[in-house]
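Visitor: Single-letter residue listing:
Protein chains: 2
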Amino acid sequence: MMMLITYDVNTTNSPGRKRLRKVAKYCVNYGQRVQNSVFECVADAALMVRIKKDLVSMIDPSVDSLRFYSLGSSYRSKVEHYGAKPSYDAEGFLAL
Amino acid sequence: MMMLITYDVNTTNSPGRKRLRKVAKYCVNYGQRVQNSVFECVADAALMVRIKKDLVSMIDPSVDSLRFYSLGSSYRSKVEHYGAKPSYDAEGFLAL
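Residue numbers (the working numbering), protein chains in the order written: chain E, 1 to 96; chain V, 1 to 96.
Derived from the structure by calculation, the hints contain no laboratory data. Hints are not guaranteed to be accurate.
As the list makes no split between identical chains, a pair holds if one copy fits it or if it spans any two.
[Stated by the list, open to error] No more than 25 Å apart at the CA atoms, straight line, and that leaves these computed lysine to aspartate or glutamate pairs for DMTMM-like:
{"no.": "1", "residue 1": "LYS18", "residue 2": "ASP44"}
{"no.": "2", "residue 1": "LYS53", "residue 2": "GLU80"}
{"no.": "3", "residue 1": "LYS18", "residue 2": "GLU80"}
{"no.": "4", "residue 1": "LYS25", "residue 2": "ASP44"}
{"no.": "5", "residue 1": "LYS25", "residue 2": "ASP60"}
{"no.": "6", "residue 1": "LYS22", "residue 2": "GLU80"}
{"no.": "7", "residue 1": "LYS78", "residue 2": "ASP44"}
{"no.": "8", "residue 1": "LYS22", "residue 2": "ASP44"}
{"no.": "9", "residue 1": "LYS22", "residue 2": "ASP60"}
{"no.": "10", "residue 1": "LYS78", "residue 2": "ASP60"}
{"no.": "11", "residue 1": "LYS25", "residue 2": "ASP54"}
{"no.": "12", "residue 1": "LYS18", "residue 2": "ASP54"}
{"no.": "13", "residue 1": "LYS85", "residue 2": "ASP60"}
{"no.": "14", "residue 1": "LYS18", "residue 2": "ASP60"}
{"no.": "15", "residue 1": "LYS22", "residue 2": "ASP54"}
Model, not experiment: these values are computed from the prediction.
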């Protein structure tokens, strides 16, 4: 299954910038960065639960936000990309 | 149908910042801003085609990027939100 993760982290102060780095670093381990704050992860249900739990624990819920979109297994047909940063094949090699 | 729009616009110079404002302003007219660069639009197929065409014409494809995700009609069950900026009901009132 494909899960899309998008986040807004408030970086107006130093702790916020630290949270942003932490969230981004974590996401890089589990997904493909398709835009600055947008990651696509291919994971089973158990891993998705873990990723959600971990990320939720990293943010400050009063000023940051996280969104998770379940795109299912036929996600390739649901995504269109235009412009810079070409699409990645989340299950394969980086397509340049 | 729900379409998710995410964008990265390069704002390192003045024309980039102008493009960002233009893209954001356009998206506000057609969708709910759920994060800084993430919009959810409920639209039929014809409107989706128009939105894509308009947005693609606004970006600089060498440095900016746009992604469109089709979430179908049962999108409510596919989205989870955590933290600040509560979820919107794209077809209804703002849920505060």
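Visitor: None of the hints should be skipped; say for each whether it holds.
Guide: Here is how each hint holds up against the structure:
no.	hint	in the structure
1	LYS18 / ASP44	neither (29 Å within a copy, 41 Å between copies)
2	LYS53 / GLU80	between (28 Å within a copy, 12 Å between copies)
3	LYS18 / GLU80	between (31 Å within a copy, 24 Å between copies)
4	LYS25 / ASP44	within (20 Å within a copy, 37 Å between copies)
5	LYS25 / ASP60	within (16 Å within a copy, 28 Å between copies)
6	LYS22 / GLU80	between (28 Å within a copy, 20 Å between copies)
7	LYS78 / ASP44	both (19 Å within a copy, 15 Å between copies)
8	LYS22 / ASP44	within (23 Å within a copy, 38 Å between copies)
9	LYS22 / ASP60	within (12 Å within a copy, 30 Å between copies)
10	LYS78 / ASP60	between (31 Å within a copy, 23 Å between copies)
11	LYS25 / ASP54	within (12 Å within a copy, 34 Å between copies)
12	LYS18 / ASP54	within (16 Å within a copy, 36 Å between copies)
13	LYS85 / ASP60	between (29 Å within a copy, 12 Å between copies)
14	LYS18 / ASP60	within (11 Å within a copy, 30 Å between copies)
15	LYS22 / ASP54	within (11 Å within a copy, 35 Å between copies)
Going through the hint list in order, the structure does not satisfy hint 1, though it satisfies all others.
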